[in-house]
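This is what each chain is made of:
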Amino acid sequence: MTAPETESFESLSVESAAVLRQESAWQRVRRNGAVRFGAVALALLIGIAAAAPWLGTVDPSLFDAGSRDLLPGKTGDITTLEGEIIRHTFFMGSDSYGRDIYSRVVFGTRVSLAVGVCAALVALAFGIVFGLSAGYLRWLDGVLMRIMDGIMAIPAILIAIALIAAWRGSLVTVIVAIAIPEIPRVSRLVRALVLTIREEPYVEAAIALGTPPWKIMLAHILPNTVAPLVVQGTFICASAILVEAILSFLGVGLPPDIPTWGNIMAEGRVQFVEYPHNVFFPGIFLAVTVLAVNILGDGLRDTLDPKMAKRV
Amino acid sequence: MHSAAQTGEVTLTPGSQGDVTLTPPGSAVLEVRELTIALPAGGERATAVSKVSFSVHRGEILCLVGESGSGKSVIAQGIMGLLPPALPVTGGAALLEGEDTTRASPERLRQLRAARMSMIFQEPMTALNPVMRCGEQLDEVLVHHTSLSEPERRAKIIATLQEVLLPDPARMFAAYPHQLSGGQRQRIMIAMALVLDPALLIADEPTTALDVTTQAQILKLIADLQARHGTGVLFITHDFGVVAEIAQRVAVLRLGELVELGAKDEVLKRPRHRYTKMLINAVPRLEPHGRAADTDAPVVLETRDLDKTYVDRAWFGKRRNVAAAKRVNLSVRRGQTLGIVGESGSGKSTVARCIVRLIDPSGGEIHLHGEEIARRSHGDLRPLRRRVQIVFQDPYRSLNPRRTIGEAIMEGPLNYGVPRAEALERARRLLALVRMDAGALERYPHQFSGGQRQRICIARALALEPELLIADEAVSALDVSVQAQVLRLLEEIRTEFDLAMLFITHDLRVAAQVCDHVAVMHQGVVVEYGAAEQIFLQPKHEYTRALFAAAPGRDFAFGRA
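Keeping their order, the protein sequence lines are chains Y and L.
Counting from 1, one number per residue, gives the positions in the first sequence under our numbering.
Counting from 313, one number per residue, gives the positions in the second sequence under our numbering.
These are computed hints drawn from the structure, not numbers from a lab.
It is possible that part of the hints are untrue.
Said to hold, decoys possible - Just so you have them, the derived chain L footprint on chain Y, three or more residues with Cβ under 8 Å:
hint	region
1	192-202
2	205-214
3	220-226
Claimed, not checked - Okay, the calculated bits of chain L under chain Y, using three or more residues with CB under 8 Å as the criterion:
hint	region
4	420-434
5	686-698
6	721-730
To be verified - Taking CB as the label site, the calculated pair distances span:
hint	chain 1	residue 1	chain 2	residue 2	range
7	L	V623	Y	W214	27 to 33 Å
8	L	G682	Y	W214	29 to 35 Å
9	Y	R138	L	A539	52 to 58 Å
Quick reminder that beta carbons are idealized off the backbone N, C-alpha and C, glycines included.
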């Protein structure tokens with residue numbers, strides 16, 4: 001009597017009929033227009049940074065007194081380190097020392113991207129460690145979070161200026177100085193995520209399965225914070241690129257001989273009225289880069305973390 | 313009362329077998345004709361609802377029954393004009409007193425809603441605005457649809473609140489939603505839906521989020537009000553108990569198609585379609601299974617005066633103690649199932665979580681095979697953890713979305729030093745045991761349905777070869793047909809492994825199917841505890857009796873003519 005019943009049971013159940021063709025997060029990310037646009041623009045910038053010496057550039061520190069303040073597109077002379085004089089077309093004009101702005105902007109891409117990516121990685125790494133500890137080890141929570149609150153109470157740019165003043169400007173100090181004020185924000189995000197995820201039944205199931213706490217943190221909680229952290233990382237990256245430019249522009253970032261977009265703009269500032277190209281070209285690069293990173297971040301947020309998209 | 317059976321049966325759509333309607337012509341409040349609603353491209357099927365036809369008459373309750381994904385809520389949204397743009401109506405019509413609401417302008421829909429048709433939802437907390445007083449929310453409806461003066465509106469609202477049997481209507485008028493209980497909030501929703509005396513009321517799973525005793529009251533209220541006002545009610549539910557309780561006619565949906573339509577007794581006792589038969593066979597009976605339990609089997613778990621008190625420590629203000637479980641004494645023998653039955657907040661899950669030591673008990677003892685575990689430190693507890701495993705309610709949150717099924721099942725054995733190859737072999741065996749393909753090992757949870765995930769959770773719990781398996785509302789989130797499969801699986805496993813099982817549920821029907829002993833909990837206290845036969849057939853405690861009296865469709869013999 002039970003046999004035919006059982007058969008119809010399994011075959012008629014709505015659930016078994018449903019084929020689960022749910023899209024994975026990765027497929028959704030790839031279809032998202034904002035992600036595509038941001039990724040292509042960023043890939044282009046990374047290509048420029050990597051291929052800088054082969055893009056018709058000269059050494060960005062070379063100058064020639066005879067080629068000062070040339071307008072974009074003009075041709076002039078430039079002296080190499082060996083003392084050889086070569087003809088060079090200044091696509092973006094030259095500055096008041098006779099340096100090629102195009103070469104400086106292209107090489108500046110390296111600094112900006114390096115600062116952006118490294119600052120984001122440093123902030124994420126420390127933020128994850130602090131956030132995980134505060135979220136999972138409840139006795140650490142109070143102490144850690146009050147320290148983070150303290151850091152957040154000081155304006156980010158002031159901390160960065162103070163740290164660089166104390167350490168002397170170099171690429172590493174600039175990255176660290178920009179990353180430190182971002183750490184509390186990442187820690188708070190991670191802590192909040194950990195507090196929600198640790199209540200999930202799959203974490204409780206892991207506890208019941210005898211999984212040790214460190215493994216629960218690394219194998220169950222951390223992987224589930226990745227999506228919001230990737231999104232947060234892009235925003236830190238964009239803001240780090242801007243802050244680096246601001247520091248250079250204020251003259252407290254990297255030394256003026258290193259080509260960064262902020263340095264180029266700072267030097268061009270005094271003759272902005274006569275020769276706006278000094279500020280215009282690095283400014284365009286800066287704006288496009290930050291925009292691309294932000295659009296990528298928005299796209300990732302919408303696809304990876306729909307809940308957050310509604311909140312932010 | 314309107315009895316459809318007197319008017320005879322007319323076949324409506326000749327194409328589909330078993331489709332019958334019992335229509336006294338002309339008296340339909342709502343007539344749904346060949347309604348078709350599309351799904352976005354690339355989904356599981358092309359239409360959410362295809363060519364569904366039925367009608368609701370004045371003073372009649374039509375129950376629309378189906379499992380999840382059957383399209384029953386989409387039909388309701390289509391009638392109300394609430395469909396999201398991704399789900400367009402592509403054919404047919406929904407005639408409300410002769411007017412097609414699927415083609416009405418947004419302006420016209422606003423006039424019709426609340427006045428001629430209204431809807432109540434599953435979750436009354438989210439359907440009410442939390443920052444507006446209940447009275448103001450009712451007042452809003454009257455302001456938009458009537459030209460009554462303020463005192464007249466207030467009088468009408470108070471009268472309506474009285475009609476839905478809310479105590480102290482003046483206080484309810486001034487209360488915010490969070491100050492009311494779930495049942496009271498649902499009464500406010502009903503008052504809001506009926507204040508303008510609409511012709512049609514759509515109730516979308518209105519009692520699913522409520523406790524069984526509250527559910528009984530709300531069902532009675534809806535039935536009383538619709539009889540008094542002659543409202544036509546379209547009642548959407550997945551629960552056949554509720555159908556038996558309230559319906560006059562029943563429409564059964566499967567994957568967007570209407571498979572059966574007829575009078576309640578016809579459909580529930582003499583179902584024609586195979587799917588309806590299957591569903592009705594899957595409804596658990598509200599009578600104990602009558603299997604003899606071996607009284608000499610060794611005791612696996614015993615709790616003695618188990619206490620759990622939550623202390624609410626505020627920085628300022630008083631300490632508040634909330635006793636979630638008080639002096640709980642239970643024991644489970646090998647090969648037997650103890651059910652803990654109770655409503656939400658009764659402390660049944662607290663007891664389970666104390667036993668698994670997910671939370672620390674505040675007092676009392678827990679003995680596992682004679683070993684005391686209530687006070688062990690988490691380090692000392694580790695060797696004992698493998699003996700007690702738990703399966704949770706929500707299959708969608710019980711598996712880590714970022715780990716494969718294989719990793720999930722192997723996690724326990726690997727934690728206890730089983731070599732990887734052996735753990736993998738065990739995972740394969742367990743998947744076969746829960747009737748799943750070994751290919752599942754490499755996949756991620758999002759590729760499985762709720763029922764499949766629950767099977768995976770059971771396999772994961774069994775991987776450590778526990779002596780006690782705790783099922784914490786493990787079948788409550790599942791559709792009735794899937795629920796029956798998982799229950800059967802749990803039964804097989806219990807017999808095969810001679811497992812002791814602690815089965816926590818709010819559903820008396822499910823408890824009757826699986827339990828040898830039953831403990832009834834109410835407000836943290838076990839009010840009645842004994843053999844299932846005795847509890848189900850001769851309940852002694854007043855609360856147990858109230859609980860049984862509230863079980864929907866308790867006297868209804870499903871599938872028996």
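Contradicted hints - numbers only: 4
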